[in-house]
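Asks: These protein sequence lines are chains A and B, in that order.
Heads up: the first sequence begins at 84 in this note's numbering, then just goes up one per residue.
Heads up: the second sequence begins at 84 in this note's numbering, then just goes up one per residue.
Quick caveat, the hints were computed from the structure, so don't treat them as lab data.
These figures come from a predicted structure and were not determined experimentally.
Mixed in with the good hints, there may be bad ones.
Stated by the list, open to error - To spell it out: a stretch of chain A is covered by chain B in this simulated footprint if at least three of its residues, at any positions, have a beta carbon under 8 Å from a beta carbon of chain B; those stretches are:
1) 89-101
2) 166-179
3) 214-220
4) 227-240
5) 243-256
Here a beta-carbon is modelled for each residue, glycine too, at the ideal position from N, C-alpha and C.
One letter stands for each residue in the lines below.
Number of protein chains: 2
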Amino acid sequence: MKALVTGSAGFIGSHLTDRLLAAGHEVIGFDNFSSGAPEFLEAARRCPAFRLVEGDLLDTGVLARALAGVDFVFHLAANADVRHGPEHPRKDLEHNTIATSNVLEGMRAHGVRRIVFSSTGSVYGEAEVFPTPESAPFPVQTSLYGASKLAAEGLISAYSAAYGFQAWIFRFVSILGERYTHGHVLDFYRQLRAHPDRLDVLGDGHQRKSYLYVQDCLDAILLAIEKAAEPVNILNLGAGEYCEVNDSIRWISERLGVSPELRYAGGARGWVGDSPWIFLDCSRMRALGWKPHLTIREGILRTLDFLERNPRILEKRP
Amino acid sequence: MKALVTGSAGFIGSHLTDRLLAAGHEVIGFDNFSSGAPEFLEAARRCPAFRLVEGDLLDTGVLARALAGVDFVFHLAANADVRHGPEHPRKDLEHNTIATSNVLEGMRAHGVRRIVFSSTGSVYGEAEVFPTPESAPFPVQTSLYGASKLAAEGLISAYSAAYGFQAWIFRFVSILGERYTHGHVLDFYRQLRAHPDRLDVLGDGHQRKSYLYVQDCLDAILLAIEKAAEPVNILNLGAGEYCEVNDSIRWISERLGVSPELRYAGGARGWVGDSPWIFLDCSRMRALGWKPHLTIREGILRTLDFLERNPRILEKRP
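Construct the complete structure from the given sequences, taking the supplied hints into account.
Replies: What follows is the structure in structure tokens.
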């Protein structure tokens, strides 16, 4: 197939690009490099089946040109910063919701009808059922990020009903692994590099979170587009376990050989819209034959290995 | 209070404006008159506590000026046309989602923190539980209209979490009564006026729908803002019953004294995104002490009486 990958220079998008190319597909990479990194596309750029379009999804002209001849869209580009959402309340709407509308309209104009979308477990708000299934009680949104992704999910589903699109919507937990560029592991690593004797922790350390290793995530996506055949396939993606923030701190401290004093900001939530417990029921995805290969701990350690080998990541703004 | 009513020249908005004025409140009416009618505001315009701002919610400058000094927003303005959504896929996004974001940003800038929002039972898509409670299983969107309203709900809830807004989100069934200007009663009435011997019916006539009389709807809204005190109050609003399209046809035909030949388009759905069964569980609203006073049949008959007395409504584009 000829695939358009939006956010192709990002953490997950660049790995997806590599795997699609390795599987013999043609890939148009699309990125505005607001958070994507050119070096993540080094391997892809050496492949003749890859072409990069530098552009923003809010620029519908560039997007239209990128879509010519494409038969599958992997829409991963997003503003993925949940924590700072309240500081710029239009950003999630623009980069997650309106950008998705632009992708859908571009697809419609070019007769492209298959889309993978990276949604988030944040659409469950503060879930009441654990592990949380895709059919959980209709949630109330608690973050601008979750709301913007939910809006994009709704648009995609409505396009399926109205125009015959087929969609695979993945509700991710936080993803870990090589090319990871933001999130708590980076925050902690950065702090402990600067001052190994102390660690500032948002919340009370008892927030329960689930994570997934990036290649496990991609295994699931690539399997689901083969096996899940509904017009709209909504699939949770996470590990079959969760950990406390304190577990993560222990694993990271052990690996770095440090014993920091832990300074908790306090409260059950790390920030506005933070969910004290994220743990997704992934039986739908598992019923397709998928299972993750790395534990959360292993995913965190791989992420630390990557950060050790790539100190430049630390130079990016926190 | 000093209230801003968006969509104040519309069907529900104009009645709300009248009732707020009658209760002694100050009202700023906001409307772009795309579907609102100046004559619906005739009574309001005679009241010194009413001021009309003609503007579009996509024009943030006009909106900002209208919000000065306001302490409560009733956000009813919307593109309420579900059926023709697929013909203009950006319209719902712009007039329902982005417009709501503009209202919220305007409120934030002016320190206004209380909002009533007219959402829709369409956010349940094709529900699987009847009557459908607010906590129904997380639905898949089936219409651009429902998706755009769901997106607006999400934004409002996220603003509550991020900025301390208090919100009352009402998921309406179709509303009937005086000043009704679009929907199946008007479609049928218009047809039977033109040719009493035949009636074209979308779908198979067995679609099950619920309706609510406009004053019952307003009773609920005005009661809920007094009694429901959560940061985000999500409330279904409908009659405690439903009817088939065929029931409605019978009641309308009897009132008009006609016996049309019924010509069904066929299929369980009248159009893309039409839900074959809408019936909302309104126990949350009833627990606050509300109940509707008119049956669906009585609401339909009142609507017919209004149409008989206001033939100008028929002149509007179908």
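Asks: Indicate, hint by hint, whether the structure satisfies it.
Replies: Here is how each hint holds up against the structure:
1. Note: the region 89-101 of chain A has 0 residues with beta-carbon separation from chain B under 8 Å; the three-residue rule is not met and the coverage is violated.
2. Check on the region 166-179 of chain A: 5 of its residues sit with their Cβ under 8 Å from a Cβ of chain B, so the three-residue criterion for coverage holds.
3. Interface restraint, the region 214-220 of chain A with chain B: holds (4 residues with C-beta to C-beta distance below 8 Å; minimum three).
4. Only residues whose beta carbon comes within less than 8 Å of a beta carbon in chain B count, and the region 227-240 of chain A has 10; three or more means the coverage holds.
5. Only residues whose C-beta sits within less than 8 Å of a C-beta in chain B count toward coverage, and the region 243-256 of chain A has 3 of them, enough to reach three; the restraint holds.
Checked against the numbered hints listed earlier, the structure breaks hint 1 alone; every other hint is satisfied.
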